[in-house]
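All chains should be built: construct the whole structure from the sequences, respecting the hints.
Number of protein chains: 2
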Amino acid sequence: MYVYSSKVVWTEGRRGKLTCGNGFKAVFSAPPEFQGEAGPLTPEDAFVASVNMSFTLMFLKVAEQEKLDIRAFECNCNGIMDRVAPQMAFKRIVLHPRAVLGSDEDIPKAERCMDLAEKLSPVRNSVKPKVVLEFKMEIDKKRSPDRKAREPGE
Amino acid sequence: MYVYSSKVVWTEGRRGKLTCGNGFKAVFSAPPEFQGEAGPLTPEDAFVASVNMSFTLMFLKVAEQEKLDIRAFECNCNGIMDRVAPQMAFKRIVLHPRAVLGSDEDIPKAERCMDLAEKLSPVRNSVKPKVVLEFKMEIDKKRSPDRKAREPGE
Numbered sequence: 001m002y003v004y005s006s007k008v009v010w011t012e013g014r015r016g017k018l019t020c021g022n023g024f025k026a027v028f029s030a031p032p033e034f035q036g037e038a039g040p041l042t043p044e045d046a047f048v049a050s051v052n053m054s055f056t057l058m059f060l061k062v063a064e065q066e067k068l069d070i071r072a073f074e075c076n077c078n079g080i081m082d083r084v085a086p087q088m089a090f091k092r093i094v095l096h097p098r099a100v101l102g103s104d105e106d107i108p109k110a111e112r113c114m115d116l117a118e119k120l121s122p123v124r125n126s127v128k129p130k131v132v133l134e135f136k137m138e139i140d141k142k143r144s145p146d147r148k149a150r151e152p153g154e
Numbered sequence: 001m002y003v004y005s006s007k008v009v010w011t012e013g014r015r016g017k018l019t020c021g022n023g024f025k026a027v028f029s030a031p032p033e034f035q036g037e038a039g040p041l042t043p044e045d046a047f048v049a050s051v052n053m054s055f056t057l058m059f060l061k062v063a064e065q066e067k068l069d070i071r072a073f074e075c076n077c078n079g080i081m082d083r084v085a086p087q088m089a090f091k092r093i094v095l096h097p098r099a100v101l102g103s104d105e106d107i108p109k110a111e112r113c114m115d116l117a118e119k120l121s122p123v124r125n126s127v128k129p130k131v132v133l134e135f136k137m138e139i140d141k142k143r144s145p146d147r148k149a150r151e152p153g154e
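Those protein sequences? They're chains A and B, same order as listed.
Residue numbers for the first sequence follow the numbering used here, so the first one is 1 and each next one is one higher.
Residue numbers for the second sequence follow the numbering used here, so the first one is 1 and each next one is one higher.
Do not take every clue at face value.
Note that identical chains are pooled: a pair holds if it fits in a single copy or bridges any two copies.
[Stated by the list, open to error] Computed list of lysine to any residue pairs in SDA-like fashion (alpha-carbon distance at most 25 Å, straight line):
no.	residue 1	residue 2
1	K7	D115
2	K17	E111
3	K141	Y2
4	K7	L116
5	K7	G39
6	K109	G39
The set of hints was computed from the structure by calculation and includes no laboratory data.
Rendered as structure tokens:
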């Protein structure tokens, strides 16, 4: 069993300070469309980001176990929030991972790793909205295989 | 309908960079117990924090509509993650809000606002684990009523 904690302190208006259990601190606010402001972390962004980060880290773990040669990885994620009468809630989350692999032969293995990561991610298993995975694979033929991590497009 | 987005880029090991739609940026990692490190934002902390921030902002909104005299507000939140066979998932989230109010008469109204905020919070309505609310109210008899926000214990 693992416990993750946070503390939120209201400072003014629709804004406050967040302290997370792992030591991370940030100012947060409501998003601009709900009387908040641009710039700070918002609850809605944090929710979508938690799904994105959890999937990404689970993919990296599974890929390491499967000895997959990943040269780069990034993931965009969109969360669609709408009225689920009578309340507002997230209805759908779409993950768009993009992996740069060492060779064509890695593609089927990478696809299995992505499907597995989506099933095993603890945050993904804790959210109600439907989660959709739309992945893209590319082959890095020019780079040396000892470069472990690089931003795609770098 | 609202769309919230984030982008995650793997940098090395169990670590990467996060950019959220509202402009917020952070380094993230797995938590130390999952081959990560202390300090950065983690997916698990972000998930729990999103519930905490969403509840807090909804409480502030409802309280404003109800003309509740809140002098200070903070909220601790614990998320319990465990194996929900076969995967790991959050099983329970406990919110511990603490409000400092202008007078004793505000207590019943504040209780209603907290219950309502818990029901209306969009992130709370998007998570699977049971959410428990354990609130505490205090009366601020010494402070002037024009001070709108202050950290409890300040």
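Right, here's what the structure says about each hint:
Taking the shortest alpha-carbon separations for K7 and D115, only the inter-copy value of 19 Å comes in at or below 25 Å, while the best intra-copy value is 34 Å. Taking the shortest Cα distances, K17 and E111 sit within 25 Å of each other only across copies (23 Å), while inside one copy they are farther apart (39 Å). For a Cα distance limit of 25 Å, the shortest separation of K141 from Y2 qualifies neither inside one copy, at 41 Å, nor across copies, at 39 Å. Taking the shortest alpha-carbon separations for K7 and L116, only the inter-copy value of 21 Å comes in at or below 25 Å, while the best intra-copy value is 32 Å.
Within a single copy, K7 and G39 get their C-alpha atoms as close as 20 Å, and across copies as close as 15 Å, so both meet the 25 Å cut-off. When the C-alpha separation of K109 and G39 is checked against a cutoff of 25 Å, the pair qualifies neither within a copy, at 39 Å, nor between copies, at 33 Å.
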